[in-house]
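Participant: Using the hints provided, position chains B, C and D with the ligands relative to the given structure of chain A.
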Amino acid sequence: MVMDLRDGFIVLDEMRNVTIRIGKVIEEDEWEPMGPTPKPHILDLRYWDQKLLERYEPFYAPMQDFCNLCTMGPCELSHNKEGACGIDLKTQKARLVVLACLIGASSHTAHARHLVHYLVEKFGRDHPIDLGNNVNIEAPNVRLVFGIRPKTIGDLEMVLDYVEQELVRVLHTLHTGQEESYLDYESKALHVGMLDHVAMEVADIAQVAAFNYPKGDPDAPLVETGFGVLDLNKPVILIIGHNVLPARNIVDYLEEHGLEDEVEVAGLCCTAIDTTRYDPKAKIVGTLSFELRAIRSGIPDVVVTDEQCIRADTLRECSKMGIPVIATSEAASRGLPDRTHENPDVIVEDLVSGRAKGVLIRDPDKVGEIAVRVAIEVRKRKGRKEPFMGEEELKAEVQKCTGCARCVFSCPHNLRIDVAMQHAKKKGDFSKFKEIEPTCIACGRCEQVCPKGIRIVDVIMKSSLDQLKSKTGKSRAGRGPIQDVEIRKVGQPIVMGTIPGVIAAIGCPNYPRAREELGQIIEEFLKRRYIVVTSGCHAMDLGMYTDEEGKSLYEKYPGSFDAGGLVNVGSCVANSHISGAVIKIAAIFAQRPLRGNYAEIADYILNRIGAVGLAWGAYSQKAASIATGFNRLGVPAVVGPHSTKYRRAYIGKYWKREKWWVYDIKSKKKIPVEPAPDALLVCAETKEEAIVQLARLCIRPADTYLGRQIKLTHYIELSQKYLGCLPDDWHLYVRTEADLPVKMRDQLLKILEDEHGWKIDWKNKKILEGPIRQYDAGFNPTLVEHVYEKYTGEKIIR
Amino acid sequence: MVMDLRDGFIVLDEMRNVTIRIGKVIEEDEWEPMGPTPKPHILDLRYWDQKLLERYEPFYAPMQDFCNLCTMGPCELSHNKEGACGIDLKTQKARLVVLACLIGASSHTAHARHLVHYLVEKFGRDHPIDLGNNVNIEAPNVRLVFGIRPKTIGDLEMVLDYVEQELVRVLHTLHTGQEESYLDYESKALHVGMLDHVAMEVADIAQVAAFNYPKGDPDAPLVETGFGVLDLNKPVILIIGHNVLPARNIVDYLEEHGLEDEVEVAGLCCTAIDTTRYDPKAKIVGTLSFELRAIRSGIPDVVVTDEQCIRADTLRECSKMGIPVIATSEAASRGLPDRTHENPDVIVEDLVSGRAKGVLIRDPDKVGEIAVRVAIEVRKRKGRKEPFMGEEELKAEVQKCTGCARCVFSCPHNLRIDVAMQHAKKKGDFSKFKEIEPTCIACGRCEQVCPKGIRIVDVIMKSSLDQLKSKTGKSRAGRGPIQDVEIRKVGQPIVMGTIPGVIAAIGCPNYPRAREELGQIIEEFLKRRYIVVTSGCHAMDLGMYTDEEGKSLYEKYPGSFDAGGLVNVGSCVANSHISGAVIKIAAIFAQRPLRGNYAEIADYILNRIGAVGLAWGAYSQKAASIATGFNRLGVPAVVGPHSTKYRRAYIGKYWKREKWWVYDIKSKKKIPVEPAPDALLVCAETKEEAIVQLARLCIRPADTYLGRQIKLTHYIELSQKYLGCLPDDWHLYVRTEADLPVKMRDQLLKILEDEHGWKIDWKNKKILEGPIRQYDAGFNPTLVEHVYEKYTGEKIIR
Amino acid sequence: MSLDKAFEKVTRIFNPADIQASKCASIIKPKVVATMIKKSKHPVLITGGKLLEDEKLVDFVVKLHEKTGIDVIATGGSSRPLIERGIKPIATVFTLHYITQYLIDLNWKGFDGKGNYDLAVFIGFTTPYYLSRMLSALKHFSRVNTISICEYYQPHAKFSFPNLNEDLYYEALNMILEV
Amino acid sequence: MSLDKAFEKVTRIFNPADIQASKCASIIKPKVVATMIKKSKHPVLITGGKLLEDEKLVDFVVKLHEKTGIDVIATGGSSRPLIERGIKPIATVFTLHYITQYLIDLNWKGFDGKGNYDLAVFIGFTTPYYLSRMLSALKHFSRVNTISICEYYQPHAKFSFPNLNEDLYYEALNMILEV
Ligand code: SF4
Ligand code: SF4
Ligand code: SF4
Ligand code: SF4
Ligand code: SF4
Ligand code: SF4
Ligand code: SF4
Ligand code: SF4
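Protein chains in written order, with my numbering: chain A, 1 to 798; chain B, 799 to 1596; chain C, 1597 to 1775; chain D, 1776 to 1954.
So here's chain A without its partners, still in its complex pose:
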């Protein structure tokens, strides 16, 4: 339906001085009846949160014993004491969790707002949201939460109005003197997480629709990825951040001026991903952990920053290397002068000559020219730069080390720099730095405390340069949404459990140990034909994880959302396609209504869809809010050990039998269920542990026996492989002998009899007594009263 009416003014003759502005053209056709909670406010889904929080008890690990949030403090809250405002430590920590989620969700919302605002100006409010023929449910999160089907970019504005309003309302609740119960803050965190997925979806569908990114294409192009991919013979523009607009303008400028092959455009962090969705010829240098390295290498001729996950010392570091900086965002203006409206010639000359260390250019459409001209001109005048550190320098640096170990204690990983330095100093052997490199996140904290001022990051980089460069491979460009047809195909096997699970690898690069562990984890699941989806920094790191032939997993596994597929959805904001896919399973396969129907869908997902997130590193506030959004939707996440510093986890207790129940719509009874999944957010320490947890958390109450059998088989096999034994709790998931892995059936039945006291009919190899509940093929679980009432037609007396 195309309309000619646009926003604007209609002048009515009878009413002088009055114009009527037509705000929004709302399409009111009833594509689906409205569910109970369109545009939910803070308290509207609290009843659902209470269900989750009752089972998945919030766990708090304070980072500090104090609160400083107002001037009645600081308050010492150790041992759960109360501060001057009456808040206790637990509630205070929950408050900080809400804050982290708010910052994360605001980042995506502001990003979305910026994109939508820009696109409305450029393409008009009516620019259609067309994600290709195979994507009919274009915005599952928006439909689910807000209750509309957005048709045009303009429709997204009111969605953002709503999200912003809610975020501000939640931020308000952080004011001193409010919530008394950590559970209420958790409900707010979950609310914010949900909003975050809406905002991410708005951002990503807007850019996919407007910029012609791949539209759910499983065969999206492969993109060069890694520290070693740059062609150093060309001028290099390095773009760091998360907002594609300036990068796009650079790519466009190059094309318009026929310079595509003259200049190397490389991205760091999510901007890298989105730039390659726009232009697969662009390259991905790496994640946040490569920012300092990329700058210190001296390779870039100009650095362009936009927003989020960019080091706050970018200008300082670039200036040390003589690299000019173009800041482009209100979020990271770096104290630079705003020169948006000045003559580009003057700006270029100032940057190239070094008169200006950097400039702020607020208009993304003006960045391309300046960045390209600066890069070319810098290269022309200065030529290729010297390597950032000579062999002699390296040796001299190492000689300075006294072995004081201050660096070790300031390092997030306690990397033994002192040992590596002393070893190199005494033996001339730098190999220990190569061991350190894959774990080092190049954060530079060690340098801040080194009394000798050793350039530790450079020493590590220099010592392991070959290794760093050789970790180069191919990523698949972010494909955006999952197609409805794909969902149609895998919906049933996922819900039945015959596809054992969906693993979503979606985190940041602060892994516990070597970067390659992520690849090892993922490969285990790809081989076992789980569906693997990925995004952001994890997606990039996977592109650098290659086999002996130099092939990355993207080259070895198909890009389709299917068993054994490896799907890169895109940048951080594309995570919404992962939640979207899970929502679409409920909508397309199970025909559950989406519109404003959050609790029913989340409940469906929690009970039926074996999807689990993996954030092996997860440093940011965005990661906190994304994970929390998945949690509200009923998707658990396994996170790396650094994530304990988020302070909060959601961990259920399998031994509290009274907490594990559902209403069964079929039998119309409240019945006990197996504790599956038994956590919504939990940290693993090692990759071994992560693998087992991921398999474990894929189990769902609604698995068919075949599905359960497959899931249990993987779980048990992985446990045996990595933990050396059967998992402690496998029996909890057994409802019938048919659930048991076929090959182990006898052995396991014996254990059930001997160790767990179950009654077995050995003749028929049947379980007679023991399981938490009987298996019933028509089992139809829900935790939500109104869902139960809707499908049974019966009222629950509470």
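Any given hint could turn out to be false.
[Claimed, not checked] Derived lysine-lysine pairs resembling BS3-like cross-links, with alpha carbons at most 27 Å apart:
hint, chain 1, residue 1, chain 2, residue 2
1, D, K1798, A, K81
2, A, K320, B, K879
3, B, K879, C, K1619
4, A, K452, A, K434
5, C, K1684, A, K721
6, B, K1468, D, K1884
7, A, K426, A, K385
8, B, K1564, B, K1541
9, C, K1754, B, K1250
10, D, K1863, D, K1813
11, B, K1451, D, K1842
12, B, K1032, B, K1250
13, C, K1619, A, K81
14, D, K1933, D, K1842
15, D, K1889, B, K1454
[Stated by the list, open to error] Computed spacing ranges between beta-carbons, pair by pair:
hint, chain 1, residue 1, chain 2, residue 2, range
16, A, N134, B, E1147, 56 to 62 Å
17, A, Y791, C, E1651, 55 to 61 Å
18, D, K1831, A, N80, 47 to 53 Å
19, B, K1118, A, D761, 55 to 61 Å
20, B, M1119, A, R657, 35 to 41 Å
21, C, R1681, A, N134, 52 to 58 Å
22, A, R745, C, E1651, 32 to 38 Å
23, B, E1191, A, N80, 25 to 31 Å
24, B, M1119, A, N80, 33 to 39 Å
25, A, G778, B, E1147, 50 to 56 Å
26, B, C1202, A, N80, 19 to 25 Å
Read the hints as simulated data drawn from the structure, not as lab findings.
Virtual Cβ for every residue (Gly too), placed ideally from N, Cα, C.
Facilitator: Quick look at chains B, C and D with the ligands alone, frame taken from chain A:
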């Protein structure tokens, strides 16, 4: 202009299935040409902030050496080290300041949104914003920042849309890895402060317009105020918080049921103020510092809480006293069950019987009935309660004390509870508790650490009950906006300086020492015929500061915005009328255009209007953002010592001569000026110091000689009175002998000659050489290039 | 108290909040660790993923278990080497996060049904920051006594080894076994 | 380092950030205060509002000034009693906030034009939390040495008296004068 068209749908015949929703009816008559910055985004006023920050250098006093905001940390940042993301300590602290301001501004914005949403539902979008005949500039902050004249409640919605959008954009910038310069975070804090005043204005004019509060009435009724005002023979409903809606419903219910005289309605914190604006028969119990006391006293029969500045242990504390709680806000749901839609009979019975300790009622319109019925029924069943502590109990408590002094070290004021306890224990003399009481903010932190579990708050309250009760007086109900006619009258004397200043006492109750010091400070300025405005907790505390005859300052000084007047504008959100009044001076007296013209107006205020804020206690995030909003507008603030814990101040350096300059529109020159004011935010330690600073910071470059003379006279007199000498810097403010206080002229000229080396023509008693600049009656200063260019018609070459 | 004494006493704090730390772990000597395990009614040893790469730690755990009979909860995959050495941990699949969550719950009956543990001894965590957070949770919200015998000092434990270099560390572990 | 020694050394920190405090003030003895003032090139004594209510503090400041000639910056109104006792503070109207802001600035010439101060001694602040914040600012952002001789320990100073009870406190002040 009244229109019949409302928001809704027009169905156009030609377009089936399509309805057009009329969003906003925008009145487009050109009441004033649009200025340069309507609806400014983050960077749009950065140039103005840079002017301020260049002079008023941000000062940081970290509360902790660390940052924990993401999982790459915690990072140790002492001595301005950088964290793993590259941020240094200073920038990190600036980031936290932005956070505090954001929480504060969000509180007011969410409050405003709630009110507007409610009022639109109740009264319709077209309900006019009519603030009475004498208030034509109804919304100076909205006009100045957003650029419209709001005519109806509905017009306020788009203002809030804008504010919310901006707040989210700023919140985004707190994500790890963004700003590199503390100056850019400060610019964002200032932006948020400005938005806060817009949000506050929206909230207050909406409620004034809808609820028929006093509309700028200098003779607004006097209201009983203090811990001793309650009639204990009646059932008591205690309302705590900041959002009038539930309180209003209680008052309405009483009236509708003829129960006004049967039930005592008392408020704590800003709700108290707004309730008395709605119904002056209601009473004000006190500020935040009285919340725990009011509950512990056992007097309330029911406690109703809404939002902000309510203790986070309210339910716990009430439950200990057997007082049922009705929570009404999404911001403080206290873990209580949502019973909004249940039968009131059941709820009342549950609360009265104690089966339910509290309930959450989300709909303010349902609170009245439940609160009133519970109060009456509780009183009926339980009668008047025993006093909260008997004499014997008091003695027994004190006996337990071991003098370990843990309470002392946990007390925000280090009050010597140990000494008072030991004294009482040994001598049976409880008088030391009476000395403690006026400083104690009844926060309860001491009780949290007392190993003997002594009820310290109760001991203090019991020992000083007479004193507490006797601090009872009258406040003037909040009058809302300042009338345009008042502005017309005082505009000139303020700008000329002949009214020496406007002191705005607008803070929280965590004073450094005794509560009465606030009254002492204010009285000093009232006597000297400064204009004093007040709001929030300061306004209430002033109502309890009485003379021997029991008269409060409100009874002794008129309520008009005029020399020697004491104006209570209202609750926290009414602070916008104070910024509004200052803006109106520029608009009405100086005829400067307001619309979207922020920098010019702020510049005008900074250079000309001797208004200074005083927040003697300022604990909250709201206070942080309000003060920051005043600062952006060019209004400095003196704050109490606890406010150092906000971590940041803005303090200029008089000795950096190069920083103190303006463009003079008259002489068309850039000329040096006196450092007036030389700080935008500074803490005073004692009331003596505060008084002198307030007088000092009223001085402005544009003072006429008469005005300067008057201001200097007060400054010097107060310095002599309280500091024992001439102030160090008085000579900096002397431009001509006419600036000097008449009575001291000779003496001061002598000092200028002897100590400062000025040349004096003793015959004519004229200064020949010495001052920073010559006095010029036509002096027309500005710091802003485009203002200079506008009024001179000349371009500045930078 | 005399003036001299007042100055001798290292009074670190004016207002504890002001320096951002309430109380740090006391340093515990190896012998005392052994004694505490012996004296405790229901102790448990919790092992971490470092056992996957450090044979000496596995050795130590095996010996301590043999000597004192202390039950072992193996996390992070540390069960595999222990099982290979013939130890049967009482739990293997629950991460340290789960274990800590359980320990905090007064109603937990332990893996042996005998009730919650009164002493938790931690060893072998590759990622000291993970353990640190868990010790913080236990400090604030549980009644369990905690001892860290990891290589780095753990401030949030009730008792902890100090930072030790490799050799000293294994020597310290050996001393626990000698008692 | 032997094992025994390693255990004797009270190693408080694994990761300093982990316990939220970097470094606290060293306790300083009265004699050392006197010595430091004497040895310093450009010391200054900064007094606070407590002098308005505590005659003994005024006494002390007067004597210290007479004995050492140290310049006095009087804040919080503390100038009045000092002036009454014949002292002429070099500044009276600037609050502690201003003074701290100035002290941080390397380009400040001091009130006497001789350059910034190298030692700032603080006494008589009614509100220890205000002083605490200022000391924190000076710790992180300035090169000035700071000594607090207030009644309560000030962790953010470079040197501080410990928490002292009234009698001990005045005794300590007297000892400064005795040197
Ligand atoms: S918010 Fe509460 S706990 Fe935090 S500092 Fe303020 S009074 Fe203390
Ligand atoms: S801090 Fe510097 S000197 Fe000390 S061990 Fe580390 S690298 Fe060597
Ligand atoms: S740069 Fe690497 S070695 Fe240095 S502190 Fe960061 S992670 Fe550790
Ligand atoms: S995955 Fe994490 S580090 Fe990477 S861009 Fe997203 S938030 Fe930043
Ligand atoms: S935000 Fe920066 S300084 Fe703070 S914890 Fe994270 S990395 Fe460290
Ligand atoms: S903490 Fe308790 S026992 Fe100790 S001095 Fe204070 S009141 Fe007395
Ligand atoms: S209740 Fe009063 S005495 Fe107790 S800590 Fe708070 S302010 Fe100090
Ligand atoms: S003045 Fe302060 S304490 Fe009082 S209501 Fe306002 S913010 Fe709260």
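Participant: Taking the hints in turn, state whether each one holds.
Facilitator: Verification of the supplied hints:
| no. | hint | result |
| --- | --- | --- |
| 1 | D:K1798 to A:K81 | holds (25 Å) |
| 2 | A:K320 to B:K879 | holds (17 Å) |
| 3 | B:K879 to C:K1619 | holds (25 Å) |
| 4 | A:K452 to A:K434 | holds (22 Å) |
| 5 | C:K1684 to A:K721 | holds (16 Å) |
| 6 | B:K1468 to D:K1884 | holds (26 Å) |
| 7 | A:K426 to A:K385 | violated (31 Å) |
| 8 | B:K1564 to B:K1541 | holds (15 Å) |
| 9 | C:K1754 to B:K1250 | holds (23 Å) |
| 10 | D:K1863 to D:K1813 | holds (20 Å) |
| 11 | B:K1451 to D:K1842 | violated (32 Å) |
| 12 | B:K1032 to B:K1250 | violated (36 Å) |
| 13 | C:K1619 to A:K81 | holds (14 Å) |
| 14 | D:K1933 to D:K1842 | holds (24 Å) |
| 15 | D:K1889 to B:K1454 | holds (16 Å) |
| 16 | A:N134 to B:E1147: 56 to 62 Å | holds (58 Å) |
| 17 | A:Y791 to C:E1651: 55 to 61 Å | holds (57 Å) |
| 18 | D:K1831 to A:N80: 47 to 53 Å | violated (42 Å) |
| 19 | B:K1118 to A:D761: 55 to 61 Å | holds (58 Å) |
| 20 | B:M1119 to A:R657: 35 to 41 Å | holds (37 Å) |
| 21 | C:R1681 to A:N134: 52 to 58 Å | holds (54 Å) |
| 22 | A:R745 to C:E1651: 32 to 38 Å | holds (36 Å) |
| 23 | B:E1191 to A:N80: 25 to 31 Å | holds (27 Å) |
| 24 | B:M1119 to A:N80: 33 to 39 Å | violated (22 Å) |
| 25 | A:G778 to B:E1147: 50 to 56 Å | violated (42 Å) |
| 26 | B:C1202 to A:N80: 19 to 25 Å | holds (21 Å) |
The earlier numbered hints that this structure contradicts are 7, 11, 12, 18, 24 and 25.
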